[in-house]
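Enquirer: With the hints as constraints, model all of the structure from the sequences given.
Listed in order, the protein sequences are those of chains P and E. The first sequence begins at 0 in numbering that gives the first Met the number 0 and counts up by one. The second sequence begins at 0 in numbering that gives the first Met the number 0 and counts up by one.
FYI, nobody ran anything at the bench for these hints, they're computed from the structure. Check before you lean on any hint, since a few could be wrong.
The list makes no distinction among identical chains, and a pair is therefore deemed to hold if it is satisfied within one copy or across any two copies.
[Unchecked claim] DMTMM-like mimics (lysine to aspartate or glutamate), calculated; alpha carbons at most 20 Å apart, straight line:
(1) Lys192 / Asp68
(2) Lys174 / Glu153
(3) Lys192 / Asp4
(4) Lys130 / Asp183
(5) Lys19 / Asp49
(6) Lys32 / Glu135
(7) Lys192 / Glu154
(8) Lys130 / Glu175
(9) Lys192 / Asp151
(10) Lys19 / Glu120
(11) Lys184 / Glu154
(12) Lys132 / Asp68
(13) Lys19 / Asp116
(14) Lys174 / Glu154
All values derive from a computational prediction rather than experimental measurement.
Here is what each chain is made of, one letter per residue.
There are 2 protein chains.
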Amino acid sequence: MTKQDVRARILHVGAEIIHKKGFNNTGIQEILKTAEVPKGSFYFYFKNKDDFGIQLIDYFSNFFFTNFDKCLSDVNYTPTENLRRFFNTFLAFFENNDFCGGCPIGNLSQEMADINDMFRERLQEEFNRIKNKILECLKDGKERNEIPNHLDIEEVADFIINSWEGALIRMKVTKETTSLRIFDKIVFEHLLK
Amino acid sequence: MTKQDVRARILHVGAEIIHKKGFNNTGIQEILKTAEVPKGSFYFYFKNKDDFGIQLIDYFSNFFFTNFDKCLSDVNYTPTENLRRFFNTFLAFFENNDFCGGCPIGNLSQEMADINDMFRERLQEEFNRIKNKILECLKDGKERNEIPNHLDIEEVADFIINSWEGALIRMKVTKETTSLRIFDKIVFEHLLK
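Expert: Take a look at the structure:
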């Protein structure tokens, strides 16, 4: 493996374990054992576990935004149709993944925001980035008269990402996608109609 | 302290620490040290840490429903006004608690649902209990023509509790209550109008 491969491999394996078990509940040793990488390699790429956690947020974020951008730029659909399609791609994803995991950004927020300010600030940026992406979509939708005039789209963008996070928590508990379907219906068939 | 006091004290102190640091990130030893209770007492009341966690859910639930019932039964307000008042009581609460903690049921769900089926099932019951309480309110509101006819109140009840959970995660990240205020405005001034 090249150096870049080793770093990517640690992040990839760490992401998978932490996404399921949580950050505090996962030891570096477990990640390295699963990744089949010696301990020294870890400290070559990451100062410590917190530094690894922060780089993990970048890793999740890149993955997320690549899909987000791709989905939102499909000119065959209107802006709010693209937004709706984006959230709905997750339905199939979670159906294939035992309704586990949820959103890594939401999970880390829940777990770390109260106990680690460095994580909290980085996660706040990430939420703002997602919110702004949704907002762009709603702005485009507004220009096309897709959005009811009485709505404040800044607030709606925040509400959408927050409500989605909550729907994912409920999915983890019920192990089915009713909460995501209700999110889809109420946001796109009631609120935005 | 009487026996009942010791059990209550362990739960009270444990609730506080776990609410902030998470279940897996908190050791029994830390709880007992803070509670100033010997180890033997713990195992007199709780079979193991998981059993303690399940009893902790009851503890959170009793606290929650006592306030919920009290708030919802105030005859000076309409059903949806009472529901709105209930959620808004938390605004002041979180302002006085550094916007930390969020919802213990949501937190444990995020942390435990994927890794412990006993917790998951107990948390699922709890979510259903909250949802049914909100649904009662919406049913009463519907009888008084407070709720738009096109809404499926079963779905709205689920949507409300899920969206609230998400708003609380965002609050933990931003350390202010914008997400809760947006939840209030969009649910009670748009969706339910």
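Enquirer: For a quick check of understanding: which of the numbered hints are violated here, in increasing order?
Expert: Violated hints: 1, 3, 6; rest satisfied.
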